[in-house]
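*Asks:* If you read the sequences in order, they're chains A and B. Residue numbers for the first sequence follow this note's numbering, so the first one is 13 and each next one is one higher. Residue numbers for the second sequence follow this note's numbering, so the first one is 371 and each next one is one higher.
Any given hint might turn out to be false.
Said to hold, decoys possible - Each pair of labels, with its calculated beta carbon distance range: (1) B/488 <-> A/73: 38 to 46 angstroms; (2) A/184 <-> B/454: 53 to 61 angstroms; (3) B/470 <-> A/103: 48 to 56 angstroms; (4) A/63 <-> B/517: 38 to 46 angstroms; (5) B/463 <-> A/181: 28 to 36 angstroms; (6) B/422 <-> A/72: 41 to 49 angstroms; (7) B/514 <-> A/182: 39 to 47 angstroms; (8) B/520 <-> A/64: 32 to 40 angstroms; (9) B/472 <-> A/72: 14 to 22 angstroms.
Claimed, not checked - Examples of chain A residues lying across from chain B (beta carbon under 8 angstroms, computed): (10) 83; (11) 89; (12) 134; (13) 136; (14) 143; (15) 167.
To be clear, the hints were calculated from the coordinates, so they are not data collected in a lab. In this text, a Cβ means the ideal position worked out from N, Cα and C, and glycines have one as well.
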Amino acid sequence: MTQRGILARRPAWSVAVLPVVAVAAGAFLSHWLQRPPSIGGAFELLDRDSRPFTDANLRGRPFAIYFGYTRCPDVCPTTLLHLADWRRRMGADGEKLQIVFVSVDPEIDTPASVGAYVDLFRASMIGLTGTPAQVAAIADAYRVVYAKVPQPSGGYNVDHSTAVFLVDSAGRYVDSISPLDNDEAALAKLRTLVAR
Amino acid sequence: MKSHSMIAMLALAFMATGIRNVPAAAPAQLRIEAPWARETAEGQRDGGGFMTIVNDGKSADQLVAASSPVSAEVQIHTVQMENGMMRMRELPEGIAIPAQGRVELKPRSLHIMFIKLQRPLRAGEKVPVTLKFRAGGEQTVMMEVRAMAASMMSPMPAPPAK
Numbered sequence: 013m014t015q016r017g018i019l020a021r022r023p024a025w026s027v028a029v030l031p032v033v034a035v036a037a038g039a040f041l042s043h044w045l046q047r048p049p050s051i052g053g054a055f056e057l058l059d060r061d062s063r064p065f066t067d068a069n070l071r072g073r074p075f076a077i078y079f080g081y082t083r084c085p086d087v088c089p090t091t092l093l094h095l096a097d098w099r100r101r102m103g104a105d106g107e108k109l110q111i112v113f114v115s116v117d118p119e120i121d122t123p124a125s126v127g128a129y130v131d132l133f134r135a136s137m138i139g140l141t142g143t144p145a146q147v148a149a150i151a152d153a154y155r156v157v158y159a160k161v162p163q164p165s166g167g168y169n170v171d172h173s174t175a176v177f178l179v180d181s182a183g184r185y186v187d188s189i190s191p192l193d194n195d196e197a198a199l200a201k202l203r204t205l206v207a208r
Numbered sequence: 371m372k373s374h375s376m377i378a379m380l381a382l383a384f385m386a387t388g389i390r391n392v393p394a395a396a397p398a399q400l401r402i403e404a405p406w407a408r409e410t411a412e413g414q415r416d417g418g419g420f421m422t423i424v425n426d427g428k429s430a431d432q433l434v435a436a437s438s439p440v441s442a443e444v445q446i447h448t449v450q451m452e453n454g455m456m457r458m459r460e461l462p463e464g465i466a467i468p469a470q471g472r473v474e475l476k477p478r479s480l481h482i483m484f485i486k487l488q489r490p491l492r493a494g495e496k497v498p499v500t501l502k503f504r505a506g507g508e509q510t511v512m513m514e515v516r517a518m519a520a521s522m523m524s525p526m527p528a529p530p531a532k
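Next up, chain A with everything else stripped away, as it sits in the complex (with noise of 0.2 angstroms):
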């Protein structure tokens, strides 16, 4: 009866906003609740002389990231090549463009080694490894799945996944690409990147 008394005394435009910021509240509760879950954020691994490399030193220019192993035979080399080339591409705008390649195999993959596989490309590219823990941490940061797998003679092998992640020069998570995007869809996504 109370709260018949209180509705009925509230103003008549309340009842013409009320719904509004009710439908308004819903839009962005269940926006933020179908957000996949966030990736990327700070890291902190070792560069070629093995020094500390972190999130910090990428700031201020947009970068793509991938995370693979020297001794993985083609995809790996064929998505660094892909990206170099999709760089050349964007001209000038590709020059902002920073590529960074994270070996998830730090057992093999020194950072000496990892940062001479890099200048394979003839491309300006990061590379980069760190203890394994570090390794776990940034994989967990990007929500990169990578497992050791035994061989039947012996050593194993890496499953990794193989998408390549772009992320703006404030270090936010924008997109990635994927290995069945084409050049144009891929090209499309690295343009909306470094126009940020």
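We have chain A already, so just place chain B on it with the hints.
*Replies:* Leaving out everything else, chain B in the frame of chain A:
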């Protein structure tokens, strides 16, 4: 035991002769086309090699092993792409080469892996690789080492996983 296997072999030979009208023991005639490897970086442990194996013979064969003086081991591998994951697997049985068929070892698919390179593979050089076939015996090929930038074989999107 010996006489048993002799009988089995004779039976197989007879069957093969009956069906194909060729001697069962005829070795597959294998040709290796365009053998190449990717250059590797200083300190990079392993590297990949590719080629096309052509079987002109009338019987199937199998690539069962490979070796090279440039690495401690050479393994036969394949790559599968599944749900956005890259999976590389050793093929301990090797690769079947069908009669009058051709099998391509290429990026994102079948390939050989130089395991524990003694030294980096340099673009422009040629490295010997000895291939061992079950029936066809051994064959040594010279693999041309290609620069990384020249090694992009398959355009995206990736071919379906094998």
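*Asks:* In ascending order, which of the hints set out earlier in this document are inconsistent with the structure?
*Replies:* Hints 2, 4, 5, 9, 13 and 14 contradicted; others consistent.
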